[in-house]
Amino acid sequence: MTKIAFVRKKEIPPSAPPITEVGLIGWFRQNLFSSWLNSILTVLSVYFIVIILWDFIPWAYGGHWNTKSLRECLDLDPDVACFSVLTARWKQLLFGLYPAEEYWRPTLTFIFLLLAIVPILFPKFFRFFWFSIIYPGLAVWLLWGGSFWSISIVYIGLTLGALFFLTLIRQYLKNYIIAAVLAFLFTTVFFLFISNPLVGLLNVILPISLPFVESLKMGGFTLSLIVGVTGIVASFPIGILLALGRQSNLPVIKMICVGFIEFIRGVPLITLLFVASVLLNYFLPPGTNFDIVLRVVIMVTLFSAAYMAEVIRGGLAGLPLGQHEASASLGLTYWQSQRLIIMPQALKISIPGIVNTFIGLFKDTTLVSIISLRDPVGLASTIRADQKWNGIYWELYVAIGLMFFIFCWGMSQYSQYLERKLKTDK
Amino acid sequence: MSSPTLPPSESFKFSMLLSDTRYRGMSLQVITFIIFMAVFFWLVDNTIKNLALLDKDVSFNFLWLRAGYDINQRLIPYTSDSTHGMAALVGILNTLLVAFVGCIIATVLGLFVGILRLSKNWIVAKLMSAYIEGFRNVPVLLWIVMVFALLTEFTPAPRAFKGAEPEATMLFFESVAITNRGTYFPAPVLAEGAYWLLLCFGLSIVASIYFIRYANKQKKDTGKSLPKFWISVAVIIFPTLILFFAMGQPVSLEYPYLKGFNFKDGIHLRNSFLALTLALAFYTSAFIAEIVRAGIMAVSKGQSEAAASLGLRPNKIMSLIILPQALRIIVPPLISNYLNLTKNSSLAIAVGYMDVRGTLGGITLNQTGRELESMLLLMGFYLAVSLSISSFINYFNRSFQIVVR
Chain A
0 MTKIAFVRKK EIPPSAPPIT EVGLIGWFRQ NLFSSWLNSI LTVLSVYFIV IILWDFIPWA
60 YGGHWNTKSL RECLDLDPDV ACFSVLTARW KQLLFGLYPA EEYWRPTLTF IFLLLAIVPI
120 LFPKFFRFFW FSIIYPGLAV WLLWGGSFWS ISIVYIGLTL GALFFLTLIR QYLKNYIIAA
180 VLAFLFTTVF FLFISNPLVG LLNVILPISL PFVESLKMGG FTLSLIVGVT GIVASFPIGI
240 LLALGRQSNL PVIKMICVGF IEFIRGVPLI TLLFVASVLL NYFLPPGTNF DIVLRVVIMV
300 TLFSAAYMAE VIRGGLAGLP LGQHEASASL GLTYWQSQRL IIMPQALKIS IPGIVNTFIG
360 LFKDTTLVSI ISLRDPVGLA STIRADQKWN GIYWELYVAI GLMFFIFCWG MSQYSQYLER
420 KLKTDK
Chain B
0 MSSPTLPPSE SFKFSMLLSD TRYRGMSLQV ITFIIFMAVF FWLVDNTIKN LALLDKDVSF
60 NFLWLRAGYD INQRLIPYTS DSTHGMAALV GILNTLLVAF VGCIIATVLG LFVGILRLSK
120 NWIVAKLMSA YIEGFRNVPV LLWIVMVFAL LTEFTPAPRA FKGAEPEATM LFFESVAITN
180 RGTYFPAPVL AEGAYWLLLC FGLSIVASIY FIRYANKQKK DTGKSLPKFW ISVAVIIFPT
240 LILFFAMGQP VSLEYPYLKG FNFKDGIHLR NSFLALTLAL AFYTSAFIAE IVRAGIMAVS
300 KGQSEAAASL GLRPNKIMSL IILPQALRII VPPLISNYLN LTKNSSLAIA VGYMDVRGTL
360 GGITLNQTGR ELESMLLLMG FYLAVSLSIS SFINYFNRSF QIVVR
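If you read the sequences in order, they're chains A and B. Start counting the first sequence at 0; every next residue gets the next number (numbering that gives the first Met the number 0). Start counting the second sequence at 0; every next residue gets the next number (numbering that gives the first Met the number 0).
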């Protein structure tokens, strides 16, 4: 009897995939050379990257950092970067004309800024939110100086007003609107009649003050951050209100909001800045002249608030109608349903747009150089006008561009993180 | 059986203006309106007082006065003897020129980059995202001055083209010269009979449009598809080409040539124009690329799978299924980016290009001292442009958006 069939008793182990499909070679084949068109693109891209780096790396790596002028750099080696301009002028790029012995103040303000945004960005640290609230006053005091009390009196007044409001509601009144009007009157009286003598008194008892620094001395990245951060913080709530106003079914409010948004979005920021620097004096009572940085901040804020409103309106429109109807049928009031149902969802949808508006605002702070404030781009032309650095371009522009890139790219990365974190439909 | 009782008759109380939702909205609006008008009149009153203090009036007569300054880049005849109004018009046309050329370049680049960013090729996708992040995260003003520096500092002076062994040579068969004073292109010269050529060209375009309509109808009726693209290209090109040679080449090119220390003839594009247009186009193209990518990704995968299961080929899936749906998402933000480019062109002052902000809102404003009127006109111009564009977007949205309820 011979064997008529072979029956395998043991399972053979799976053979390894062909080496062209896995590992490095497989990855290369799939991602870089999957078709001849792709191969051509790959080769072209590699060639492009190589020629860029071929020029850039020796230029940047061999750069001079310690020469006195551009001429000296060119005498040493004309083919490499002359970063000495940064060594010589970095303080100006960061602080503008801020007095040198006071540099610690903007620096400290910046460090505090980082600390103050942590509780807002990461809910884990929300218990430190009180610092984010006192930060604006602290920053204004540190940057502009003057008496400590004239800033803190604002906080004192507002706290007293809030306490007054709460006491009224808890003990005497039911109507929120009347309580709010009374509290508003109380605060106004406080600021009109009580605050000045109180500041005077406090200054005598405990004089804490910093030397005053005027706004025209602010410059460089300090100025960009002042305008950018204030604009970002202030434009967000205004944008929400404008978006709600535009969606409102009260025609007068709707018309005012639409008119404002369309007007602001219709003109370039430059013209608004010109209005701030040239025309604003026409619109205010004769003889008023208020701080140029404040004017610019107001204009930039209004500008980005209009864009913010449109972004949030997009988010509101993206919500299904059922959400509005369901919250109304639960008996929530307008503001309750906005606060608890509508806004959280609408804001979540519009995160990318909101952050893009923030990034746009931060980049637009460079436009203040056109009304001759000293932001980094404006300072670059000032530095180039100096005889010693006349003719320098890339070193300055690359440094300034890199600074902006870091801030803006950081913001966009945070927005992607936030989107991932808030994603509910996995 | 209970008889229906009437609700208790309400008497109107003053507090209901605030507490009753039926009246609250109305009273809120009245209050808002009063505050708004009060602020408005306060501003107008201040302006009148300020103007009286400065001994000024509001008048637009300055538009008909002699301007007295030169504008080097202009599309219509203008001399320093022309009026301020003419100068403003030159500026407006310059703004529109930058906007138009910039939008075309930005769209082409943006489409290209956006599609390549979706490529499966790892290195190409990374390179494109580097391009996008680089341009989006650096202020456009910085890009404008950088491109300007690149064009003025790293290009040869016209005198470098001189001599038997010049340091620099012209590109594309001695026709294009890139110098630090601008770029010179050959200019077309129309001889006698050239208008017939233009007429023929126009007619061929009309004919090709009719042909495409006919082909579409044919496709609908019989299901046969004609090679639309190639036939319409042939219809557009060949008649004009034949006529061109038949009439003895009535259109010729005028090449720029070096005379003295500068180039003569040809079309001269100044560096200020080039820097502004290119920088704005690069910057905007990064945004457009993201819009294109988002639009294509927003079409759900089921759509292309369904199309494939119906037996459509990949290029047909793209042109018949994906693109029509993606375009609905792409077009509105695309147009609002065109609008941004137009508004950003007011940064022309950074490179000395005379756009409407440079003429009307710059030199004219400074010479005549009419800040209020100039700024009003300037804002009016930008508002007119952007309102007409945004009304187009609204029209587009209304006619192409899917209606839910």
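Among the hints, a few may not be true.
[Claimed, not checked] With a straight-line cut-off of 27 Å between C-alpha atoms, the simulated DSS-like cross-links for lysine-lysine are:
1) B/Lys315 / A/Lys420
2) A/Lys387 / A/Lys422
3) A/Lys123 / A/Lys347
4) B/Lys125 / B/Lys300
5) A/Lys216 / A/Lys347
6) B/Lys300 / A/Lys347
7) B/Lys125 / B/Lys219
8) B/Lys300 / A/Lys422
9) A/Lys420 / A/Lys123
10) A/Lys420 / B/Lys219
11) A/Lys90 / A/Lys387
12) B/Lys12 / B/Lys216
13) A/Lys422 / B/Lys125
[Unchecked claim] Okay, the calculated bits of chain A under chain B, using three or more residues with CB under 8 Å as the criterion:
14) 90-97
15) 182-193
16) 399-411
No lab work stands behind these hints: they were computed from the structure. The beta-carbon is built from N, C-alpha and C at its ideal position, and this holds for glycine as well.
Structure-based check of each hint:
1. B/Lys315 / A/Lys420: Outside the cut-off at roughly 38 Å; violated.
2. A/Lys387 / A/Lys422: violated, 54 Å
3. A/Lys123 / A/Lys347: holds, 19 Å
4. B/Lys125 / B/Lys300: Satisfied, since the Cα-Cα distance of roughly 23 Å is no more than 27 Å.
5. A/Lys216 / A/Lys347: violated, 40 Å
6. B/Lys300 / A/Lys347: With Cα atoms ~24 Å apart, B/Lys300 and A/Lys347 stay inside 27 Å; holds.
7. B/Lys125 / B/Lys219: With a Cα-Cα distance of about 43 Å, the restraint between B/Lys125 and B/Lys219 is violated, given a limit of 27 Å.
8. B/Lys300 / A/Lys422: holds, 20 Å
9. A/Lys420 / A/Lys123: Distance of about 13 Å is within 27 Å: holds.
10. A/Lys420 / B/Lys219: Since the Cα atoms of A/Lys420 and B/Lys219 sit roughly 49 Å apart, the hinted pair is violated (cutoff 27 Å).
11. A/Lys90 / A/Lys387: Satisfied, since the Cα-Cα distance of roughly 17 Å is no more than 27 Å.
12. B/Lys12 / B/Lys216: With a Cα-Cα distance of about 70 Å, the restraint between B/Lys12 and B/Lys216 is violated, given a limit of 27 Å.
13. A/Lys422 / B/Lys125: holds, 25 Å
14. 90-97: violated (count 0)
15. 182-193: Violated - the segment 182-193 of chain A has 0 residues with a Cβ nearer than 8 Å to chain B, which falls short of three.
16. 399-411: holds (count 7)
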